[in-house]
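Counting from 1, one number per residue, gives the positions in the sequence shown under the numbering used here.
Because the hints were derived from the structure by calculation, they are not lab data. It is possible that some hints are incorrect.
If you anchor each label on the Cβ, the simulated ranges turn out as follows [stated by the list, open to error]:
(1) D40 to E231: 39 to 47 Å
(2) D271 to E231: 44 to 52 Å
(3) D39 to G285: 39 to 47 Å
(4) D40 to D171: 41 to 49 Å
Beta carbons: idealized from backbone N, C-alpha and C, even for Gly.
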Amino acid sequence: MDRRIVLQGLGASALAGVAPGAAEVADAWTMWKARFLRDDGRVVDAEQGGISHSEGQAYALLLAQAAGDRAAFGRIEEWTRAHLLVREDALMAWRWTPGAGVVGDDWHNATDGDLFRAWALLRARRDSGWEVAAGDVAAIVADLSVSCLWPDPRAGEELILRPGAEAFATDRRVLFNPSYIMPRALRELAEAAGNDRLMRAADHGETCLSELAARDMMPDWIDVTADGFAEPTGHDLRSAYDALRISLYLVWSGRRDHPAVRMAQARLAPDGAGGAIVVARDARGVPVAESDLPGYLALARLVACGEVNAPGRRSIEGPYYAAVLHMLAGVATREGASCASTQ
1 MDRRIVLQGL
11 GASALAGVAP
21 GAAEVADAWT
31 MWKARFLRDD
41 GRVVDAEQGG
51 ISHSEGQAYA
61 LLLAQAAGDR
71 AAFGRIEEWT
81 RAHLLVREDA
91 LMAWRWTPGA
101 GVVGDDWHNA
111 TDGDLFRAWA
121 LLRARRDSGW
131 EVAAGDVAAI
141 VADLSVSCLW
151 PDPRAGEELI
161 LRPGAEAFAT
171 DRRVLFNPSY
181 IMPRALRELA
191 EAAGNDRLMR
201 AADHGETCLS
211 ELAARDMMPD
221 WIDVTADGFA
231 EPTGHDLRSA
241 YDALRISLYL
251 VWSGRRDHPA
261 VRMAQARLAP
271 DGAGGAIVVA
281 RDARGVPVAE
291 SDLPGYLALA
301 RLVACGEVNA
311 PGRRSIEGPY
321 YAAVLHMLAG
331 VATREGASCA
341 STQ
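Please take these sequences and the hints and turn them into a complete structure.
See below:
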């Protein structure tokens, strides 16, 4: 199904003067920078030993663009170029470790990081009027298209977004991370670069998510095989922290009507008076972890058509991942993810 229509009416917005609570939004960005962003532009994930990863750098680029913070955007991009662009293509190494840099297989890319970096650069040039070379975006899109798309073993004319250029794939089996499907980013980049392959990957990605929802599963990782879905190569079969992003990206893309979002509405409903939500389930769908961290609760409110407030101190002072999801949910809310925007 061609979803180009979703792009209409979903233009990006800067934070200033757009929505009530702009001061709270600005305060949240200031706190987030102080907590996670070094002066040199490196984003620190303290829960993973202080490493930096391509996903974190890309998320920060997008948040800086959305906040209208040109100086922070420039520092983040400068650090990223200096430390993560070590491959022969335009994609990033996925991990950088303090005192070691990019070591071992850390030079492998993570497709979601490259997708979000390209999208942030596009938004900066197109929506903020900042000086970003169009060739930078085009180069990332070209390498994503060539290296990170793979024929679906069930239907070779359909393209699956692989989690990385070096990720497991054969003509009968390919590793798939459903949370890497960000339809709006894929479609806007496809439009900007004239790359129909990314548009097709967005369309088929939504189809794969619908198929998984019909099976009442939304895993972090899964293999797509010639015979259907199967346990993922090199990963446990579960639905946990990666999968939390799936509904965020769909809602952000104006696809609140998607079956995966309706599934998330039920699965992220607060459990009892304590207000915690299930954030991880095992292969059988049995809950194995709950959390009341504000970032995860913000995702639950987003998919349930509730109010998503700007992150406060408790959110920002918590773990990196929950805090950045809270920030992204706030941007999604301001960029057309309300219930009224359902297509």
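How the hints compare with the structure:
Separated by about 41 Å at the C-beta atoms, D40 and E231 satisfy the suggested range of 39 to 47 Å. A hinted range of 44 to 52 Å is violated for the C-beta pair D271 and E231, which are about 28 Å apart. The supplied range of 39 to 47 Å is met by D39 and G285, whose beta-carbon atoms lie about 44 Å from each other. D40 and D171 have their C-beta atoms about 44 Å apart, which keeps the hinted 41 to 49 Å range intact.
Violated hints amount to a single one, hint 2; each of the other numbered hints is respected by the structure.
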